[in-house]
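Chemist: Listed here are the chains, written in short residue letters.
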Amino acid sequence: QQPVQSPQAVILREGEDAVINCSSSKALYSVHWYRQKHGEAPVFLMILLKGGEQKGHEKISASFNEKKQQSSLYLTASQLSYSGTYFCGTSSGAGSYQLTFGKGTKLSVIP
Amino acid sequence: SAVISQKPSRDICQRGTSLTIQCQVDSQVTMMFWYRQQPGQSLTLIATANQGSEATYESGFVIDKFPISRPNLTFSTLTVSNMSPEDSSIYLCSVALPTGVMGTGELFFGEGSRLTVL
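So the sequences go chain by chain: A and B. No gaps in the numbering here: position 100 of the first sequence is 100 in the working numbering, and each next residue is one more. No gaps in the numbering here: position 58 of the second sequence is 58 in the working numbering, and each next residue is one more.
There may be inaccurate statements among the hints.
Each computed DSS-like pair below joins lysine-lysine, with the alpha-carbon atoms no more than 27 Å apart [to be verified]: (1) B:K7 x A:K37; (2) B:K7 x B:K65; (3) A:K103 x B:K65; (4) A:K37 x A:K59; (5) A:K26 x B:K7; (6) A:K106 x A:K68; (7) A:K50 x A:K67; (8) A:K106 x A:K50.
Hint data in this document are derived by calculation from the structure and do not stem from the laboratory. Predicted, not measured: the structure shown is a model, and the values here were computed from it.
Please work from the sequences and hints to get the whole structure.
Modeler: What follows is the structure, given as C-alpha cells:
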C-alpha cells in the first residue's frame, strides 16, 4: 500500500526550514528517503528502522515513529541545492528490498 | 555504491511496437529491479529481475507485457511489448546493495529510459 506524503509541494526561501511527512496504514520495518532532481535519478538520503530512531545527514535529518507508522524528514537552513522532489519508500519486512514509494513532495528553494 | 547504465536514454516509438531497455551494472548484484515513473509521478515497482529464473512481477504487471531477462549478475533487459500511449513513461533500472543495517538495502538507480509512444 502506497505511503501518503505531505505536503505535496512547498516553496522555501534560502535558510528556512521544512518538514516532509510520510505515513502508512500498514506496519513498517523501514522507511527510506530519496531526493530526485529534475531529469535525474533518485538519490538515497537515509534509512530509518522501526524503533523511533532519528538520523541526521548534514542539515537533513529524519525520524520514524513506529507506533504511528509515520516518518518525518527535517530540512533545516535550506539551501538552493535542496530543491527537488523527495520520496519516502517503505518496506514491510527485513530483507524486503523492494520499496513502495509515496507520491513525492516537490521542494523549491528560492533565493 | 553502484553505477548503472541504461540504454536507450530516450526513444519515440510507434503504437503496437516493442522496445527493449538494457541495464548494465558496474558490479555483480543480487537484487535488481525495474521501476516505472510517469512524468511528475511516483516510482512504481514493475518487477524484480531474478538471475537465472523468471522475474517476479508486482500486481498489475504481467510477463507478456513486460518480459524481463537477467542472464547474469550485472545485466538485465526490460521489454515493453505492444506499446500504447499509456506506456509513455520513464523506466528505471535499480539495484539494492545491503547497507549493513540488518535486512535493509540502499537503492541505486540508473538515469532512466524515457519512452514516448505515439
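Chemist: Hints first: check each against the structure and report whether it holds.
Modeler: How the hints compare with the structure:
no.: 1; hint: B:K7 x A:K37; in the structure: 20 Å, holds
no.: 2; hint: B:K7 x B:K65; in the structure: 19 Å, holds
no.: 3; hint: A:K103 x B:K65; in the structure: 24 Å, holds
no.: 4; hint: A:K37 x A:K59; in the structure: 18 Å, holds
no.: 5; hint: A:K26 x B:K7; in the structure: 36 Å, violated
no.: 6; hint: A:K106 x A:K68; in the structure: 24 Å, holds
no.: 7; hint: A:K50 x A:K67; in the structure: 9 Å, holds
no.: 8; hint: A:K106 x A:K50; in the structure: 26 Å, holds
Comparing the model with each numbered hint stated earlier shows that hint 5 is the single one that does not hold.
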